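Visitor: Each chain, letter by letter, is given below.
4 protein chains.
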Amino acid sequence: MNIRKRTWEIFGAAKPGDIASRAIDISILTLIFLNVIVVIIDSVPSVKESYGTFLNVFEIISVAVFTLEYVARLWSCTVDHRFNGRVRGRIRLFFQPMLLIDLIAILPFYLPFLGIDLLSLRVIRLLRILRITKVSRYYASFNLIKQVFLSKKEELVLVSVLMGLLLVVSSSLLFCCENKVQPNAFSSIPAAMWWSVATLTTVGYGDIYPITLLGKLCASIIAILGVGMFALPTGILGAGFIEAIQKNKEPKQICPHCGKEL
Amino acid sequence: MNIRKRTWEIFGAAKPGDIASRAIDISILTLIFLNVIVVIIDSVPSVKESYGTFLNVFEIISVAVFTLEYVARLWSCTVDHRFNGRVRGRIRLFFQPMLLIDLIAILPFYLPFLGIDLLSLRVIRLLRILRITKVSRYYASFNLIKQVFLSKKEELVLVSVLMGLLLVVSSSLLFCCENKVQPNAFSSIPAAMWWSVATLTTVGYGDIYPITLLGKLCASIIAILGVGMFALPTGILGAGFIEAIQKNKEPKQICPHCGKEL
Amino acid sequence: MNIRKRTWEIFGAAKPGDIASRAIDISILTLIFLNVIVVIIDSVPSVKESYGTFLNVFEIISVAVFTLEYVARLWSCTVDHRFNGRVRGRIRLFFQPMLLIDLIAILPFYLPFLGIDLLSLRVIRLLRILRITKVSRYYASFNLIKQVFLSKKEELVLVSVLMGLLLVVSSSLLFCCENKVQPNAFSSIPAAMWWSVATLTTVGYGDIYPITLLGKLCASIIAILGVGMFALPTGILGAGFIEAIQKNKEPKQICPHCGKEL
Amino acid sequence: MNIRKRTWEIFGAAKPGDIASRAIDISILTLIFLNVIVVIIDSVPSVKESYGTFLNVFEIISVAVFTLEYVARLWSCTVDHRFNGRVRGRIRLFFQPMLLIDLIAILPFYLPFLGIDLLSLRVIRLLRILRITKVSRYYASFNLIKQVFLSKKEELVLVSVLMGLLLVVSSSLLFCCENKVQPNAFSSIPAAMWWSVATLTTVGYGDIYPITLLGKLCASIIAILGVGMFALPTGILGAGFIEAIQKNKEPKQICPHCGKEL
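Line by line, the protein sequences are chains A, B, C and D. Those letters in the first sequence? Residues 1 to 262, by my numbering. Those letters in the second sequence? Residues 1 to 262, by my numbering. Those letters in the third sequence? Residues 1 to 262, by my numbering. Those letters in the fourth sequence? Residues 1 to 262, by my numbering.
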């Protein structure tokens with residue numbers, strides 16, 4: 001039972017002072033990071049040709065390590081009071097989002113008959129990059145940003161809805177203006193939406209743009225409104241950050257009778 | 001009279017607890033939403049070819065429902081004290097902005113002799129999307145954003161005027177610099193304005209840009225000033241949000257004698 | 001002498017209640033505004049062909065009115081204590097920035113031998129648009145924005161210097177990376193600067209961009225730093241607006257002894 | 001010994017009132033500035049052809065002056081208590097970042113056998129532009145900006161990490177969507193990264209963009225998330241500036257017993 005407990009401790013988040021567990025954490029994260037790099041450079045044809053064999057070996061080792069880690073977690077989880085129970089506890093662990101991602105990242109490797117080509121298989125492995133959210137150093141900052149987004153949720157949803165309205169209206173407008181002159185570029189409203197997104201976000205690839213006078217006039221007004229797409233969320237988030245920081249600074253008021261936060 | 005009152009209640013904004021009215025509200029909004037989707041996908045030629053008949057049927061049903069709703073509102077409005085009076089009340093309701101939009105959205109369907117082609121007719125139906133402003137859940141956020149815009153109205157108008165000046169000056173400047181070298185792209189000041197908008201909003205499609213040294217120099221300065229077009233309204237709105245939030249937090253001061261807000 | 005005083009009053013900024021003077025102010029502003037429109041649409045070849053004669057007549061009338069106004073000011077200014085003295089006062093008025101602009105706007109019309117072509121001559125007339133700064137309604141907002149810029153002058157200058165450094169360094173870098181592969185596009189550092197401005201302001205016309213691996217890597221880092229070019233001035237101006245608004249709210253502290261502001 | 005001390009004073013940062021030292025500071029900065037201009041215009045082929053000889057002479061003089069300054073500093077530094085000791089002090093000075101940059105800027109000129117071509121040699125000289133950080137006038141603003149960045153370091157690092165994640169995920173996604181249709185443009189994940197950077201920073205050159213429906217859908221979502229790349233750091237920095245300014249305003253609390261800041 002001691003080995004099982006130690007295994008669970010080692011593969012879980014490291015407690016302060018537990019050097020072995022910390023080392024494992026860092027090794028796994030490094031391996032994930034290396035996997036990301038490998039997936040990226042492996043997509044370059046010339047690299048694949050030269051170092052393909054080496055990268056394949058690295059891939060097999062990675063999947064082996066990830067599998068080992070996955071099995072070890074599943075085997076040892078019963079010592080944790082959240083996942084106790086031989087079957088029930090393991091099923092509960094199995095459906096934890098992080099564990100599901102881990103499974104999705106390694107499973108296709110064992111199921112070649114699924115017909116997933118090697119490339120997609122590797123890109124799926126990129127999912128493990130989400131493990132980075134476990135790095136606890138930036139928890140305070142992450143919580144601050146999360147707190148800001150939550151406290152401004154309603155405003156941000158409203159801004160998103162306004163943006164959605166603007167997107168639908170502007171693409172319909174441009175479609176009506178440009179469809180007859182540029183039947184290929186503005187072939188349909190969804191096609192005009194691609195233009196709308198590129199304009200409202202001010203990306204402006206230049207693959208599609210209005211050429212009629214009326215179209216250009218509408219596009220100008222839409223582009224200027226698009227500037228508001230930056231100003232509104234920025235203003236809201238800026239105000240949110242200031243609020244959150246001031247809130248965190250204030251001493252929490254405690255009820256003198258029950259000791260709870262007011 | 002009871003039926004009339006109930007009709008008015010049902011088609012108006014739902015009171016808390018009125019499940020039938022709420023169900024109608026949600027149904028109408030869903031139908032509007034589906035109409036928006038239909039208008040968008042119906043503009044795709046391949047979809048139109050395959051599902052044209054189905055979409056036409058859906059359109060006829062939608063217009064029928066919207067007409068029914070419109071007539072029901074006009075018939076039942078007399079029970080509301082704001083619109084009482086058989087003729088006078090209905091005329092007052094008729095000119096309510098929301099009702100006018102509803103009419104514009106369905107009328108062209110009944111007036112084919114107006115010569116509006118089917119496409120425009122459908123795009124007009126998109127106007128009903130404005131009904132979404134009736135969803136009251138986001139009223140608090142909407143009011144906050146409205147309050148910010150109103151309290152900063154003067155600053156925002158001034159920034160718009162400055163932008164307008166910058167637009168006129170920069171397009172005239174670029175027109176003078178580039179007209180001789182690119183007589184097609186910079187054919188007139190309005191054409192140069194299209195360039196100005198694309199540059200000041202940092203969209204930059206790349207369909208028109210200066211090629212002379214002087215033109216590039218001017219364009220560089222204008223592009224950098226364009227960054228200010230983002231910074232100014234963002235700063236103003238950000239300050240507005242902080243002010244508005246602080247104002248809403250402060251307890252309102254009530255006069256102890258008359259009970260009115262100070 | 002009374003006529004002279006009245007002339008000066010009428011052509012100066014209107015005092016509250018002086019309807020005649022206010023009417024003149026509005027007329028002149030309207031005429032300037034119409035001139036701006038005329039200059040803009042007159043640059044369109046097809047408009048020029050059709051309405052050229054009409055626009056020419058309008059132009060002659062405008063210049064006549066502006067000349068009359070200019071002479072009337074110069075003649076009547078001696079009644080103002082700031083410009084009294086037949087010669088000395090008029091010279092002082094002559095060198096007022098606004099009057100100089102007015103002169104530059106009308107003078108080229110009388111000096112055809114200067115060899116300025118008709119187009120530039122008209123564009124010069126656009127300068128009178130600066131008269132809009134005399135509209136006093138938005139003085140409070142204008143002063144707020146001016147106050148923010150002045151209070152943050154040092155930070156904004158510093159940000160500009162940092163941007164200048166970034167501009168020089170990034171264009172030199174890209175020039176070194178790309179010159180050999182694209183000798184036409186990145187022909188010199190000034191040419192690379194055009195790229196730098198388009199990238200740092202995120203305009204991105206797409207007329208010039210790196211194609212080498214190293215160039216793309218550098219460009220990516222520069223583009224991400226360019227995002228900071230928006231974040232920094234926006235943050236500074238946002239903070240400035242909040243400061244300025246709080247300052248304006250606070251009651252001014254007056255010394256009880258001398259009555260001056262502390 | 002007096003000459004040595006004077007030399008050190010003169011080439012160091014000027015004390016208030018020391019006119020000679022100040023003159024030298026300004027001269028050196030002017031020379032650096034002229035060097036930057038020369039490097040920039042010298043890269044223009046037509047300028048190089050016409051004024052090449054003059055620019056070469058200017059270059060030799062500049063390097064001579066910079067060498068003289070470098071040697072004078074190294075010779076005189078022993079009078080400073082930080083760098084006393086004939087060898088040890090000079091070695092310590094030698095490894096000061098600013099002095100290293102000065103050396104790197106002049107050394108390649110004396111080592112033609114290094115095989116550095118003349119162009120790179122000149123661009124290296126641009127490094128001296130960093131000397132501008134010595135201009136102390138804008139120290140207060142620079143410290144404010146530095147203080148803001150330091151106090152928000154964690155949040156900014158977190159945002160950078162989130163951006164990195166978004167970059168990796170979005171380029172892998174687009175690579176999967178577009179690789180088969182555009183094997184040249186989206187040839188590998190690193191190539192797709194170039195697209196990602198151009199989109200997330202909203203530069204959008206238009207040299208590479210998705211053409212498949214799925215690719216455009218993903219790109220739209222990524223472009224909209226890219227707007228957040230502006231909103232988050234701007235909001236964080238804006239809050240940081242407001243905090244920093246408020247902090248600097250508050251009177252520092254001094255302990256009445258020991259006199260240290262609390």
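Heads up, some of the hints might be wrong.
[What the hints assert, rightly or not] Facing chain A, a subset of chain D residues (Cβ under 7 Å, in silico):
1. Thr202
2. Gly206
3. Thr212
4. Lys247
The set of hints was computed from the structure by calculation and includes no laboratory data. Quantities reported herein were computed from a predicted structural model and do not represent experimental measurements. Where a beta carbon is used, it is the ideal one built from N, C-alpha and C, also for glycine.
Visitor: State for each hint whether it applies.
Guide: So, going through the hints one by one against the coordinates:
1. Thr202: Cβ of D:Thr202 sits 5 Å from chain A, so the hint holds.
2. Gly206: With a minimum Cβ separation of about 4 Å from chain A (threshold 7 Å), the hint on D:Gly206 holds.
3. Thr212: violated (11 Å)
4. Lys247: At about 11 Å, which exceeds the 7 Å cut-off, the nearest Cβ of chain A leaves the hint on D:Lys247 violated.
Of the hints listed earlier, those the structure fails to meet are numbers 3 and 4, in rising order.
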